[in-house]
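Enquirer: If you read the protein sequences in the order shown, they are chains V and X. Quick note: the first sequence, position 190, residue 190 per the numbering used here, numbers continuous. Quick note: the second sequence, position 877, residue 877 per the numbering used here, numbers continuous.
Among the clues, some could well be false.
[Claimed, not checked] Calculated cross-link-like contacts (lysine-lysine; reagent style DSSO-like; alpha-carbon spacing at most 30 Å):
no., chain 1, residue 1, chain 2, residue 2
1, V, K164, X, K714
2, X, K424, X, K13
3, X, K13, X, K737
4, X, K279, V, K164
5, X, K679, X, K720
6, V, K56, V, K44
7, X, K720, V, K171
8, X, K720, V, K164
9, X, K679, V, K170
10, V, K147, X, K211
11, V, K170, X, K720
12, X, K793, V, K170
13, X, K130, V, K147
14, X, K208, V, K171
15, X, K208, V, K147
16, X, K59, V, K147
17, V, K170, X, K211
18, X, K841, X, K211
19, V, K171, X, K679
20, X, K424, V, K171
21, X, K128, V, K147
[Said to hold, decoys possible] Chain X is nowhere near these chain V residues, computed Cβ spacing over 12 Å in every case:
no., residue
22, H7
23, N8
24, S18
25, K24
26, D35
27, F50
28, T59
29, K61
30, S70
31, E115
32, E154
[Said to hold, decoys possible] The calculated label-pair distances, taken between Cβ atoms and stated as ranges, are:
no., chain 1, residue 1, chain 2, residue 2, range
33, V, E107, X, N715, 16 to 26 Å
34, V, E112, X, K803, 34 to 44 Å
35, V, E112, X, Q189, 48 to 58 Å
36, X, G288, V, E84, 48 to 58 Å
37, V, F156, X, Q189, 52 to 62 Å
38, X, K714, V, F156, 19 to 29 Å
39, X, E79, V, T20, 19 to 29 Å
40, V, R127, X, G186, 27 to 37 Å
Because the hints were derived from the structure by calculation, they are not lab data. For glycine and all other residues, C-beta sits at the position ideal for the given N, C-alpha and C.
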Amino acid sequence: MQTLIPHNADESRRMMQSLTNRAKPVDRRPMNFVDRLYLPAVLKGMSITFGHIFKKPPTIKYPEQTREFSPVFRGLHVLNRDEEGRERCTACGLCAVACPAEAITMEAAEREPGEENLYREEKYAARYEINMLRCIFCGLCEEACPKDAIYLSETFAPSNFARKGFIYGKKDLLIPNPVTQPEEYAKAKGKR
Amino acid sequence: MVIHIDNKEYNIKSGKNLLEACLSVGLDLPYFCWHPAMGSVGACRQCAVKVYKDENDTKGRLVMSCMEGVKDGLYLSIEDKTAKEFREQVIEWLMTNHPHDCPVCDEGGACHLQDMTVMTGHDYRRFKYKKRTYTNQYLGPLIHHEMNRCIQCYRCVRYYRDYAGGDDLNVFAAHNHVYFGREKDGVLQSPFSGNLSEVCPTGVFTDKTLKEHYTRKWDLTMSPSVCNHCSVGCNTIAAERYGELRCILNRYNGDVNGYFLCDRGRFGYEFVNSENRIKRVIIRNRAGEASTEEELMQHLQPLVSMSKIIGIGSPRASLESNFALMQLVGKQNFYQGISEDEAHLNRVCIDVLQSGSVHSASLKEIEQADAVLVVGEDIWNTAPMMALAVRQAVVKTAGAEASQHVQIPVWLDSAIKELAQEDKGFLAVLNVSASPLDELATHAWHATPDDLSRAAFAIAAYLQPGKLQADNFSEELTNQAKAIGEALKQAKNPVIITGVSSYNDNVIKAAFDIAASLNTAGRKTGMACVMTECNSMGLALMDAPAFNHAMDSVRPNGHATAVILENDLYRHLTPNLVDNFLNKCDHIIVLDSLHNSTTEKASVLLPAATFAEGDGTLVNNEGRAQRFFQVIPNADTQVKESWQWLWKMQMLRSQKVNGHVLHPDELLQKMETDMPQFKGITSVSPGHDYTIHGERIPREPHRYSGRTAIQANKNVSEPKPFYDGDSPLSFTMEGFKGVPPSWAVPFFWAPGWNSVQSVAKYQDEPNGSLKGGNPGVRLLQDKKKENADLFFKDVPEQFVITKDKWLLLPKFHVLGSGELSGYTKALEVLSPELFAIISPKSAEALNVKEGDMLQLTDAGIAYGSLPVKVLDNMCDGVVFVNAGSRGTVGMNWGTRINLAKVN
Chain V
1 MQTLIPHNAD ESRRMMQSLT NRAKPVDRRP MNFVDRLYLP AVLKGMSITF GHIFKKPPTI
61 KYPEQTREFS PVFRGLHVLN RDEEGRERCT ACGLCAVACP AEAITMEAAE REPGEENLYR
121 EEKYAARYEI NMLRCIFCGL CEEACPKDAI YLSETFAPSN FARKGFIYGK KDLLIPNPVT
181 QPEEYAKAKG KR
Chain X
1 MVIHIDNKEY NIKSGKNLLE ACLSVGLDLP YFCWHPAMGS VGACRQCAVK VYKDENDTKG
61 RLVMSCMEGV KDGLYLSIED KTAKEFREQV IEWLMTNHPH DCPVCDEGGA CHLQDMTVMT
121 GHDYRRFKYK KRTYTNQYLG PLIHHEMNRC IQCYRCVRYY RDYAGGDDLN VFAAHNHVYF
181 GREKDGVLQS PFSGNLSEVC PTGVFTDKTL KEHYTRKWDL TMSPSVCNHC SVGCNTIAAE
241 RYGELRCILN RYNGDVNGYF LCDRGRFGYE FVNSENRIKR VIIRNRAGEA STEEELMQHL
301 QPLVSMSKII GIGSPRASLE SNFALMQLVG KQNFYQGISE DEAHLNRVCI DVLQSGSVHS
361 ASLKEIEQAD AVLVVGEDIW NTAPMMALAV RQAVVKTAGA EASQHVQIPV WLDSAIKELA
421 QEDKGFLAVL NVSASPLDEL ATHAWHATPD DLSRAAFAIA AYLQPGKLQA DNFSEELTNQ
481 AKAIGEALKQ AKNPVIITGV SSYNDNVIKA AFDIAASLNT AGRKTGMACV MTECNSMGLA
541 LMDAPAFNHA MDSVRPNGHA TAVILENDLY RHLTPNLVDN FLNKCDHIIV LDSLHNSTTE
601 KASVLLPAAT FAEGDGTLVN NEGRAQRFFQ VIPNADTQVK ESWQWLWKMQ MLRSQKVNGH
661 VLHPDELLQK METDMPQFKG ITSVSPGHDY TIHGERIPRE PHRYSGRTAI QANKNVSEPK
721 PFYDGDSPLS FTMEGFKGVP PSWAVPFFWA PGWNSVQSVA KYQDEPNGSL KGGNPGVRLL
781 QDKKKENADL FFKDVPEQFV ITKDKWLLLP KFHVLGSGEL SGYTKALEVL SPELFAIISP
841 KSAEALNVKE GDMLQLTDAG IAYGSLPVKV LDNMCDGVVF VNAGSRGTVG MNWGTRINLA
901 KVN
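So here's chain V without its partners, still in its complex pose (with noise of 0.2 Å):
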């Protein structure tokens, strides 16, 4: 009976089967004298080598130039404010619930009067706290929010050296204020 189990090396090299037809085989014939001179094949190599000198360069420099995003891309959080200035979050729970990673967590408080321009809506989150040690960014907090308060922007989670910087609180994660900080916000805004 046949069996498609290799026994040894040899055996399992003959099986394997390439994976596309670009596979050259290798030339094993023994070196002549021009082969033997190296020139040819340096002068080959080189004129690769310069020819990119001519050509556009595929890499950019980061980070004084930034690469253009996609439009779905998704990196940290942003809490959002209104054009007021006012946070929009109301706690209501919702991107903790539909978070995958349940790496959300917030507790909600109630506004009290003369804090009107402070949170649009009678709730807000005293709390709010993301894990982003755990966070997979899905982006389903952003889908799940019926506020328009959270969202992915365009900015990397940046490293650390300890664990805890990665818990993020609400000072790390709402945008600054449009009415008193316009260029901050504007740069936390991006393209959205």
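Chain V is fixed; fit chain X onto it per the hints.
Expert: What follows is chain X alone, placed relative to chain V:
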């Protein structure tokens, strides 16, 4: 009988309506205005189904399923296209003015309106015009009002006015701007107002105390629990998040509280989160008072092994804790931490209930009674849910009588109400002072406890002529006794309610005589004795001597150590008695959860768990043992159940440190073998290793969020979830996903049913018992015995009013009385100040008016002075002092004291 729903046959109990029938077989049918405890009115038009003439009828007709009774061989369809479209249309109408503010609404995630909207399939709003809006009202510190969310189902007013008997909530205006609220802003007067938050299908009425620390239902860790604030033992759900108790919800128990809780029980939970909590071991009189457990054990070693230990039990600690203390100190050194008088009264209650001559009535049985007699207990204030049950008995009896004459089923609420009009079932209230229950009563009479018991004896004498010496009763008393006795004789299920709060054993004895006389063939008579604390019955059943005897057992220089279990002795006993005892003891070890006058005297103070941090069993006044389960993890604190501390001390004493972990079920097993009166207690819940298909029962709903973030600010390494080996419930969201056994229901949820209405999926039938029977084990078994066995014959003399000696009695308050519930700010605001309450005639005799100060003294004990309050409708010769609230001290209740005006 057999009915056909969507061409499938179902067996249904007769006498139900179609909606109940559909729900009882597990089918989903949307509804709003119908409530299992309140019947049908057909206001919301939401529960439409199609009913067919016979099997060949294809056209059918739309009917409201809640308004139509089941008939044998009926054909109906829930899934019919017209019926479905009708229901979707109705909810679209209801939603035209609904604000869609679910993200800020407290009801969101536990909302019947959300569930029903999804169930009917209405998902797109076509109404493009302005919504009508309302101004909300201030309804007091317990209930929040948000009228815009209203869908006009009328459940709130039907509950508040018809069911609970309140009169300050009503419906105003007409058309599409009807308004449910008070006439003007103000505190809701009914002590059952908290149920509005569960009765309302949407977020018009919500729990205001929950707003302080709001959490969605899906985010709560929940456990089955038992209310701690009176002796009725209502079943509750305790809910936790971030290590804090967030709210108390009703846990349906068909035999006890049914669908409702009183406000003391619902809102009295905040003591668990109090700053006054004892969270650390404290060893006093040394450099660092806060100690580690090792230091404690070293310190305790000589105390528990060398000297004589005296254990003082507690009526508010669990059976397990009391029993563990008894094990530690030995039966001969264990004393109840209550006064001799109270212990005696509790003993009398147990004796009569254990005699087998009467049946100890559950709340459900009181609710179904057709005649109720209350003797000497102000149940409105000492056992609020019992008062609510009595109200139902009175109203339902009238309804049942009315429905007998015409062919109208009892669940057809408005028709029955119309028919019954002002008719009421029989209720007689013989009490020291007036209470809101009097309004319902056929007979309401106020007298001193001695006179009340004479009246009750007179009734017993009428019911069983010749057994009592009836010649010294006045003619008035005999006539009254005849009227009440006659009504009781007519009844088939009479219930006699009495209690300890009038501090008079004759009251209980006389009530028993009546119950025993009525308990004849063809008549099932119940008796209920209200006690003071949540485990008063359990402690009394342990049959230990009262605190006063502990004094005698300590010899001067006897080098005794006192172990006081979860008990502020200064509340139960007079200060001189307690001081005297504590001074005699060399060391005082106190286990408690909150700092109080007794913990101040402790030399060693151990942090005891409250009901939320521990497991245990309580016995309510019916003699029903009920288990409560831990809900707050206590891994990072030193807080432990008292029985665990006591077990550790016992290990120290016997010097057997073998690392054995004690479970509450083992304690109960031991208890069952040691004390025959607790026979059957082990079946209150299965052992700690019980699983269903190898899985434990999760305390968290499957949508619980933030699992990896919730503790991340403290520890990013995500420690293992808390595990306590005490019960079959786990502190996670993983585990058995079906309907758990009735004793271990941590929350009510069913697919498509996120609100509390999902309880229907856990019941045999709406308003019936939970699947597998209601939880709790009755320790007082009915024995078939001759009535003649026990009958009290000593009728007391008439009460004589004297000018210098006044009978001192406690005056409880429905919201304010409760050592622990007083920590809830909202309840503290609503509870009364301390007063000495007397009748107008007594005030005249003492020459005082309202606001004057009265000095209270009792044989050398000075109780201090209190402002006078004059109360009509109470008997002369008695002085009431507000009792039970946080600031009160123990007094010699039921004795005669001196009153003097302070100038």
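Enquirer: Just pull the numbers of the violated hints for me, sorted ascending.
Expert: Hint check: 5, 9, 12, 16, 18, 19, 20, 34, 35, 39 fail, others pass.
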